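J.: Sequence:
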Amino acid sequence: MLIIQSNADSNFFVVALCYIYHTLWSNTMMCTTFQREMLGPAVTGTINALKAASAANARRVVVVSSMVAVEINPKDWPKDKIKDENCWSDKEFCRNEENWYFVAKISSEEAALEYAKQTRLDVVTVNPAVVFGPLLQPTLNTSCQFLVYFLKGGSDRMRDKLWHIVDVRDTANALLLVYETPQASDRHICAPHFISARDLLELLKTMYPDDYPFISK
Numbered sequence: 001m002l003i004i005q006s007n008a009d010s011n012f013f014v015v016a017l018c019y020i021y022h023t024l025w026s027n028t029m030m031c032t033t034f035q036r037e038m039l040g041p042a043v044t045g046t047i048n049a050l051k052a053a054s055a056a057n058a059r060r061v062v063v064v065s066s067m068v069a070v071e072i073n074p075k076d077w078p079k080d081k082i083k084d085e086n087c088w089s090d091k092e093f094c095r096n097e098e099n100w101y102f103v104a105k106i107s108s109e110e111a112a113l114e115y116a117k118q119t120r121l122d123v124v125t126v127n128p129a130v131v132f133g134p135l136l137q138p139t140l141n142t143s144c145q146f147l148v149y150f151l152k153g154g155s156d157r158m159r160d161k162l163w164h165i166v167d168v169r170d171t172a173n174a175l176l177l178v179y180e181t182p183q184a185s186d187r188h189i190c191a192p193h194f195i196s197a198r199d200l201l202e203l204l205k206t207m208y209p210d211d212y213p214f215i216s217k
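At position 164 of the sequence shown (counting the first as 1) the number is 164 in full-length UniProt numbering, and the numbers step up by one without a gap.
I should point out that these hints are in silico values taken from the structure, not numbers from a laboratory.
Misleading hints may appear alongside valid ones.
Unchecked claim - Keeping only pairs whose Cα atoms sit at most 30 Å apart, straight-line, the calculated DSS-like set for lysine-lysine is:
1. Lys83 - Lys117
2. Lys205 - Lys81
3. Lys91 - Lys75
4. Lys91 - Lys205
5. Lys152 - Lys79
6. Lys81 - Lys91
7. Lys51 - Lys79
8. Lys152 - Lys81
9. Lys117 - Lys51
10. Lys152 - Lys117
11. Lys51 - Lys81
12. Lys117 - Lys161
13. Lys79 - Lys91
14. Lys75 - Lys205
15. Lys161 - Lys83
16. Lys152 - Lys205
Quick caveat, the model's predicted, so the values are computed rather than measured.
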C-alpha cells in the first residue's frame, strides 16, 4: 500500500491497495485558528482518504479516532451506565470549553461513519485512550509531552484525574485485529487500563527513582 497525501488536497495516489489505515493526525494544543489549523484538516483529510479508498475499491478502511470522541460529557447518557461504543462526547460542550482537539476528533469520526453509511464503504473506527509507549522518533509526541508536563507539576486539576491509558503496541495490535476480523464493524474502544494521576506519578517514581526531577506530590 502506498498513499501520498496532503490533508487539504483531494489528490491521493493509492497503489496495490486492499486496506487503508487512516491514522492519527497531529495533536497540537497550540492551535490558534481552529477552523484552519485543526478542524479543516481533520475532517477534509479524513474524507479525502475515504474518497481515495472508494476509488481504489479498498476492502476496508480503519480510522483511528480517540476516546475523547466517546467519554466527554455525553448527552442523555445515564451516570451509572458504563460508557461503550454507543456513547458519543458532547461536541457543543467541547466547543464551549474550547477543547478544539476534542471537537476535531468527534467531527472527523462522525464524518467517516456518515461517509461509510452513504457510500457503503467498509469503515471501522478505533478509539484509543491516551497512548504511551516506545517512540520511533527522537522527539516527544504530544502524549509524552503531556506526561512530562504533568510530571514537572502541570496544573492542580490534573492531579486528581483518572487517566485511561493504552500502550502504543496494544493500539497497533487492536488495529490489526480490527483489520483481520471481518465481523468487526462501526466503533471499537481501545482503553484497557486506567490509573489515577497520583498513582501514575508514584509508579513512575519507583521505575525511575534517580533519573527525573518529579514533583513532590
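J.: Given the hinted pair Lys152 and Lys79, is their alpha-carbon gap at most 30 Å?
T.: Judged against 30 Å, a Cα distance of about 33 Å means the pair is violated.
J.: Is the hinted pair Lys152 and Lys117 satisfied, with a Cα-Cα distance of at most 30 Å?
T.: violated, 45 Å
J.: Against the 30 Å threshold, does the CA-CA distance of Lys117 and Lys51 hold or violate the hint?
T.: holds, 13 Å
J.: For the pair supplied as a hint, Lys91 and Lys205, is the alpha-carbon distance within the 30 Å limit?
T.: violated, 36 Å
J.: Mind checking the alpha carbons of Lys83 and Lys117 for me, to see if they're no more than 30 Å apart?
T.: holds, 23 Å
J.: Taking 30 Å as the top limit, are the C-alpha atoms of Lys161 and Lys83 close enough?
T.: holds, 17 Å
J.: Under the criterion that the straight-line Cα-Cα distance not exceed 30 Å, is the pair Lys51, Lys79 satisfied?
T.: At roughly 38 Å apart (the allowed maximum being 30 Å), Lys79 and Lys51 break the hint.
J.: Taking only the CA atoms, is the gap from Lys79 to Lys91 under or equal to 30 Å?
T.: holds, 18 Å
J.: Against the 30 Å threshold, does the CA-CA distance of Lys91 and Lys75 hold or violate the hint?
T.: Holds, at about 10 Å.
J.: Under the criterion that the straight-line Cα-Cα distance not exceed 30 Å, is the pair Lys205, Lys81 satisfied?
T.: violated, 34 Å
J.: Just to be careful, I want the Cα atoms of Lys81 and Lys91 compared with a cutoff of 30 Å; is the pair within it?
T.: Holds, because 20 Å separates the two Cα atoms, which is no more than 30 Å.
J.: Assess, step by step, whether the Cα of Lys51 is no farther than 30 Å from the Cα of Lys81, and give holds or violated.
T.: violated, 36 Å
In summary, the numbered hints that this structure violates are 2, 4, 5, 7, 8, 10, 11, 12 and 14.
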